[in-house]
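Number of protein chains: 2
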Amino acid sequence: MPIYTTPIFNINLKKLIENYKILKKLSQPAIPAGVVKDDAYGLGALEVTNALYKAGCRHFFVAHGSEGALIRPVAPKAQIFVLQGIGVDSLPYFKEAQLTPVICSPDMLSFWHKNKIPNIRPAIQVETGLNRLGFTTKDLEKLSPSQLKEFSYVLSHLSCADEQAHFMNARQLNNFRRIKQKFFKNTPATLSASDGVFLGTDFHFDLTRLGAALYGINTAPYRENEMHNILELKAPVLQIKDLAKGEFVGYSATFRAPQDMKIAIVSVGYGDGLPRSLSNRGKVIFYENNEPRFCPILGRVSMDNIICDVSALKKLHTGDFGYLINDDYTIDDIARDAGTIAYELISNIGKNQRFIKSYTE
Amino acid sequence: MPIYTTPIFNINLKKLIENYKILKKLSQPAIPAGVVKDDAYGLGALEVTNALYKAGCRHFFVAHGSEGALIRPVAPKAQIFVLQGIGVDSLPYFKEAQLTPVICSPDMLSFWHKNKIPNIRPAIQVETGLNRLGFTTKDLEKLSPSQLKEFSYVLSHLSCADEQAHFMNARQLNNFRRIKQKFFKNTPATLSASDGVFLGTDFHFDLTRLGAALYGINTAPYRENEMHNILELKAPVLQIKDLAKGEFVGYSATFRAPQDMKIAIVSVGYGDGLPRSLSNRGKVIFYENNEPRFCPILGRVSMDNIICDVSALKKLHTGDFGYLINDDYTIDDIARDAGTIAYELISNIGKNQRFIKSYTE
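Chain order of the listed sequences is A and B.
For the first sequence, the residue numbers in our numbering are 5 to 365.
For the second sequence, the residue numbers in our numbering are 5 to 365.
Excised from the complex, chain A in its bound form (with noise of 0.2 Å):
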């Protein structure tokens, strides 16, 4: 039998790009762009971007400059927003890549006229309920007509849109039209991530945002999830072993064997992104005969390992598979029990370099 010791991350572009398609038509009229911060959620900026870039999208959203400079080269004709904005340290990569900043503060402006780059215009993002980045409307009333012209798109964000009947979607929807009325008539404009395309038409504006829903994550979750998910994670038995009654299991001896039982070392751990909240609470997915067998994760997850109880297997052997992630146990399912959310769990496993990382065409 062969024996394996690497943790695969499979991320299927093919299933993004049918999530793409069909949050593109929940988007009409609006037009859709492509959320790949954060390393696209930690997926891959470059191998998502290109993916969304060849299936026509032309308008993407980053958080720093350097997340624009680096998926320039795949996006060469396309609209990149840099949500942070601009400042000094990341001046050099607006030029560069010739990026759109998204001015959110008096101050940025202020920097940003003192350093415009020719033929940019910077979109502006506005406070209607968040109360996180933009510009209060006390703020936009010491603008100037012609300052209130110079922006590509407004923007502004929704603080609730994952929850259908909070009434904060109505009061910032209504606040973005105040805004949009009195100060930015004829400047197209974007309100709505994934979640909110999901609201209805009266939320999508020009251009939706398109993130998590593409990656798979039900940001409807008050509707079954229509999104493919896109990913897999799993990693090979290392060692087979029994466990007599009343031994310990991990660090701290947290698990306790109340029987007989015979457990498994799965070579994947937090060192890879996956949550040590798992510890007592996940659980490693084996087949047998195609039906998933959910196998519960013992004691502590550690840095490299986790230790399931795998005594209602039949055939395991050393060298197979488990998976932590798959159609069957999906990114949200695991963030729930981890108690996170998806978009986290997913940043921090993507980005490491020590296991194989693996893509779908």
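These are computed hints drawn from the structure, not numbers from a lab.
Among the clues, some could well be false.
Pairs count within a copy or across copies, as identical chains cannot be separated in the list.
[Claimed, not checked] As a list, the in silico SDA-like pairs of lysine to any residue whose alpha-carbon atoms are at most 25 Å apart:
| no. | residue 1 | residue 2 |
| --- | --- | --- |
| 1 | Lys146 | Gly323 |
| 2 | Lys19 | Asp336 |
| 3 | Lys25 | Gly343 |
| 4 | Lys58 | Asp246 |
| 5 | Lys249 | Thr140 |
| 6 | Lys120 | Arg76 |
| 7 | Lys361 | Arg76 |
| 8 | Lys249 | Thr141 |
| 9 | Lys146 | Ala248 |
| 10 | Lys319 | Asn284 |
| 11 | Lys120 | Pro296 |
| 12 | Lys361 | Glu51 |
| 13 | Lys18 | Leu144 |
| 14 | Lys249 | Pro110 |
| 15 | Lys120 | Asp324 |
| 16 | Lys361 | Gly48 |
| 17 | Lys319 | Pro110 |
| 18 | Lys186 | Met172 |
| 19 | Lys249 | Phe171 |
| 20 | Lys361 | Leu50 |
| 21 | Lys319 | Phe298 |
Based on the hints, put chain B in the right spot on chain A.
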């Protein structure tokens, strides 16, 4: 005033080497090895290995073959142990970089016997109570005397060494001694990671494996931390704004202002590895007259930003930096507030490419 947008993560290799020297002295009579797996806990395996090698360290531990191959160029004459062992997927790395596999199971030993690499004597891991990787006594009894002699080191790992009085420490020590006496009388031995070093010379044997404590983590929390903090994470203020009583902050509107407040939006989030569990729990430090002022994080940590209460500050400006980790608020402090351990925290922060990662040498 200058505008900045990018977080800065600094790793102080000078202080890391000071920690190494303290731990080297504490490890006597054992030789100290550097544990640089998981990209040196996210801090940069190449940079950390290079610094340790220059300080005289000649033994290193990684988890995966690929990690060993990465550091070989900066540790040309060192013995590099690979804790997850060897398999078909990692074999080329072992040949290329002359790595020492830590064999963890009879199956892996069979694989090794079919794929031996000239001039490499593997190590063997034995089970003493952690119930993770390692040969059981039963497994060892099946090996011939000549097979038992082929190993360069016998290794085991403590489960509860961060609790000085834990009964598992004595139990594992006794098991290790018995196994060594019976099967590996003349084989060099290694039992302790950083936490075991503090348990006294009985636990040291021939080689100690220094990871967490090198990086400043307190692995003996029953006593004051003797290690230097080596890390600093800071991020710029993008915007300061007024928050009126009754307004909400961040995703899902989890914070509502009990009175009029002043808030700062800081350019760092879980996309930079900052745990999302710091939502409504973490803090950002600003300095006024050289005094640290701890400003609570309000609402949810988002991917790129946190929002904090700066009502008490008198002279804060856009472009000022807030500190997430430093000498006044160490990785152990922030991990405690986040409900995890510093190991997981730094592993997730360190691997990001989008912030500025700098080294003090």
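Consistency of the hints with the structure:
In this homomeric assembly, Lys146 and Gly323 come within 25 Å of each other (Cα to Cα) only across copies, at 21 Å, whereas the closest approach inside a single copy is 66 Å. For the identical chains of this complex, Lys19 and Asp336 are intra-copy neighbours only, at 17 Å inside a copy versus 40 Å across copies, given an alpha-carbon limit of 25 Å. Taking the shortest alpha-carbon separations for Lys25 and Gly343, neither the intra-copy value of 31 Å nor the inter-copy value of 39 Å comes in at or below 25 Å. Taking CA atoms no more than 25 Å apart as the test, Lys58 paired with Asp246 passes in neither setting, with 51 Å inside one copy and 43 Å between copies.
When the C-alpha separation of Lys249 and Thr140 is checked against a cutoff of 25 Å, the pair qualifies only between copies, where the shortest distance is 16 Å, while the shortest distance within a copy is 63 Å. Taking the closest pair of Cα atoms, Lys120 and Arg76 come within 25 Å of each other only inside a single copy of the chain (19 Å); across copies the shortest separation is 46 Å, beyond that limit. In this homomeric assembly, Lys361 and Arg76 come within 25 Å of each other (Cα to Cα) both inside a single copy, at 22 Å, and across copies, at 22 Å. In this assembly of identical chains, the alpha carbons of Lys249 and Thr141 lie at most 25 Å apart only when taken from different copies (17 Å versus 66 Å within one copy).
Proximity of Lys146 and Ala248 under a CA criterion of 25 Å is satisfied inter-copy only: 20 Å between copies versus 73 Å inside one chain copy. For a Cα distance limit of 25 Å, the shortest separation of Lys319 from Asn284 inside one copy, 24 Å, qualifies, whereas the shortest one across copies, 47 Å, does not. In this homomeric assembly, Lys120 and Pro296 never come within 25 Å of each other (Cα to Cα): the closest approach is 57 Å inside a single copy and 36 Å across copies. For a Cα distance limit of 25 Å, the shortest separation of Lys361 from Glu51 qualifies both inside one copy, at 11 Å, and across copies, at 23 Å.
In the homo-oligomer, the alpha carbons of Lys18 and Leu144 never lie at most 25 Å apart, since the shortest distance is 43 Å inside one protomer and 48 Å across protomers. Taking identical chains as interchangeable, the C-alpha atoms of Lys249 and Pro110 lie at most 25 Å apart only when they sit on different chains, with a minimum of 23 Å there against 66 Å within one chain. Proximity of Lys120 and Asp324 under a CA criterion of 25 Å is satisfied inter-copy only: 22 Å between copies versus 57 Å inside one chain copy. For the homomeric pair Lys361 and Gly48, the shortest alpha-carbon distances inside one copy (10 Å) and between copies (19 Å) are both at most 25 Å.
For a Cα distance limit of 25 Å, the shortest separation of Lys319 from Pro110 across copies, 18 Å, qualifies, whereas the shortest one inside one copy, 65 Å, does not. Taking CA atoms no more than 25 Å apart as the test, Lys186 paired with Met172 passes inside one copy only; the shortest distance there is 21 Å, against 69 Å between copies. Only between protomers do Lys249 and Phe171 lie at most 25 Å apart by alpha-carbon distance; the minimum there is 18 Å, versus 53 Å within a single protomer. When the C-alpha separation of Lys361 and Leu50 is checked against a cutoff of 25 Å, the pair qualifies both within a copy, at 13 Å, and between copies, at 21 Å.
For the homomeric pair Lys319 and Phe298, the shortest alpha-carbon distance inside one copy (15 Å) is at most 25 Å, but the shortest distance between copies (55 Å) is not.
Comparing the model with each earlier hint shows violations of hints 3, 4, 11 and 13; every other hint is respected.
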